[in-house]
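Residue numbers (our numbering), protein chains in the order written: chain A, 1 to 140; chain B, 1001 to 1140; chain C, 2001 to 2092; chain D, 3001 to 3092.
It should be emphasised that the hints constitute simulated quantities derived from the structure, not laboratory data. From a predicted model like this one, the values you see are computed outputs, not experimental measurements. Note that the Cβ used here is the ideal one computed from N, Cα and C, for glycine as well. Don't take each hint at face value.
To be verified - Straight-line C-alpha distance at most 27 Å; calculated DSSO-like pairs for lysine-lysine:
hint, chain 1, residue 1, chain 2, residue 2
1, A, Lys51, C, Lys2004
2, A, Lys110, B, Lys1020
3, D, Lys3065, D, Lys3038
4, B, Lys1059, B, Lys1110
Claimed, not checked - Chain A is faced by these chain C residues, among others (derived, beta-carbon under 8 Å):
hint, residue
5, Ala2009
6, Gly2064
7, Phe2086
8, Val2089
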Amino acid sequence: MIAIQLADVDIGDLIRAAKKHGTGAVIVFDGVVRDDDITEMELEAYEDIAKQELQNIAKDATEQFRLLHVDIIHRIGRLAVGENILVIVVAAGHREEAYAGSRYIIEAIKAGVPIWKKELTKNGGRWVPGEHGHGRPKTS
Amino acid sequence: MIAIQLADVDIGDLIRAAKKHGTGAVIVFDGVVRDDDITEMELEAYEDIAKQELQNIAKDATEQFRLLHVDIIHRIGRLAVGENILVIVVAAGHREEAYAGSRYIIEAIKAGVPIWKKELTKNGGRWVPGEHGHGRPKTS
Amino acid sequence: MTVKIRFFARFRELLGTDIMTDVVAGMMFSSLITTIAKKNPEGYDAIFDEKGTFREFVILMKNGKRIDIADAAKTPVEDGDEIAVFPPVAGG
Amino acid sequence: MTVKIRFFARFRELLGTDIMTDVVAGMMFSSLITTIAKKNPEGYDAIFDEKGTFREFVILMKNGKRIDIADAAKTPVEDGDEIAVFPPVAGG
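If we strip away everything but chain A, and leave its shape as in the complex, we get:
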């Protein structure tokens, strides 16, 4: 499942569904709203493009790391501290591929998927600066 959505997901269900034939390792990355003196976080996406980018990233990761299954669920809307922002589930035959695939996906998302986060504080809000100033050099 590749999705940009308001709703949370059941990670236990995702893991069960990820165990395709040949699976020896499943890695879950769960990005969480961190309590950096904020009240909430607000997420916004250029949805069509972001979903397409997530699909491209999942495809690239699957090929490069021989993954057997990939889920990427990125949430949008207002999220409280501790809530899931991004859940990535990958399954592979062996742990090396599973870890490398998971890491590839999160770095690619940080670098190039049009999603933005605003930290809401008692005094207003601040847009989280991206880790990659210029975004991804090219977009398919």
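Given the coordinates of chain A, assemble chains B, C and D onto it according to the supplied hints.
Chains B, C and D only, in chain A's frame:
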């Protein structure tokens, strides 16, 4: 939770409980019985020592990677294809520490915790050779 | 000839989004955004530098394809285009 | 003087485990295991090489502490000790 046990665990519950104050990333490693033409897998542990080793590994990883939470649940007994063998849940402020801590823990378990696996096949069984012939150089 | 302009994040807060606008044939990407952004000085300032060129971190898209800042002045907009202008991404 | 011997994995299958045995004072680790292992030639062969020394991959423990193979012939077992002998680990 550090445990060696027959029963399975609810990974969703573990993730929820792992989100201590300051958590920005949770990584789950789920090692699964892979279908290498086997009927079942049988796991055996030197339980007291293995649990103590897992506790040492969790402590080392927590200090080295500033983890906020660690669970290690290693199952024993007979497990079917697709069942969870080992579940590692780590929480950290940032993803770098979470991935590195998770990876440290699985490699340390493979290298030095007295647990053995036997793959049961239609024609009998075979003990899985360890990845580290001589085990861990020293044991605390 | 109508195009849709989408701003995101801080640019959206300052300039709005999903702006449907009529353009003349031959209008270039950068001219269109300059015109729209000038409706709010703070919004203009967020996107353009003092020379009136896109700030280097600004990301431009036309129908989901990235447009280099260097090409924006010679990239025409066409009827039905979806134009997007946004700051660096920060998802994940 | 009683000690408990625990074999694991293939060694357990061949030699049993949780073996309570009486030993004389001054008995060394390697002598004790040699004696016990000789009860099953296949078990002995899994643990010892043709010179009668521990195969290099065999792991030895006394009360949860690792004993080097090189030290096993000069490490005495004591009343109440838990002795463990096992092949390379393969958990995870």
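How the hints compare with the structure:
1. A/Lys51 x C/Lys2004: It holds: about 20 Å lies between the C-alpha atoms, which stays within 27 Å.
2. A/Lys110 x B/Lys1020: At roughly 23 Å apart (the allowed maximum being 27 Å), lysine 1020 of chain B and lysine 110 of chain A satisfy the hint.
3. D/Lys3065 x D/Lys3038: OK: lysine 3065 of chain D and lysine 3038 of chain D at ~24 Å, within 27 Å.
4. B/Lys1059 x B/Lys1110: 17 Å, holds
5. Ala2009: 4 Å, holds
6. Gly2064: At 5 Å from the nearest chain A Cβ, glycine 2064 of chain C passes the 8 Å test, so the hint holds.
7. Phe2086: 6 Å, holds
8. Val2089: With a minimum Cβ separation of about 5 Å from chain A (threshold 8 Å), the hint on valine 2089 of chain C holds.
Checked against the numbered hints given earlier, the structure satisfies every one of them.
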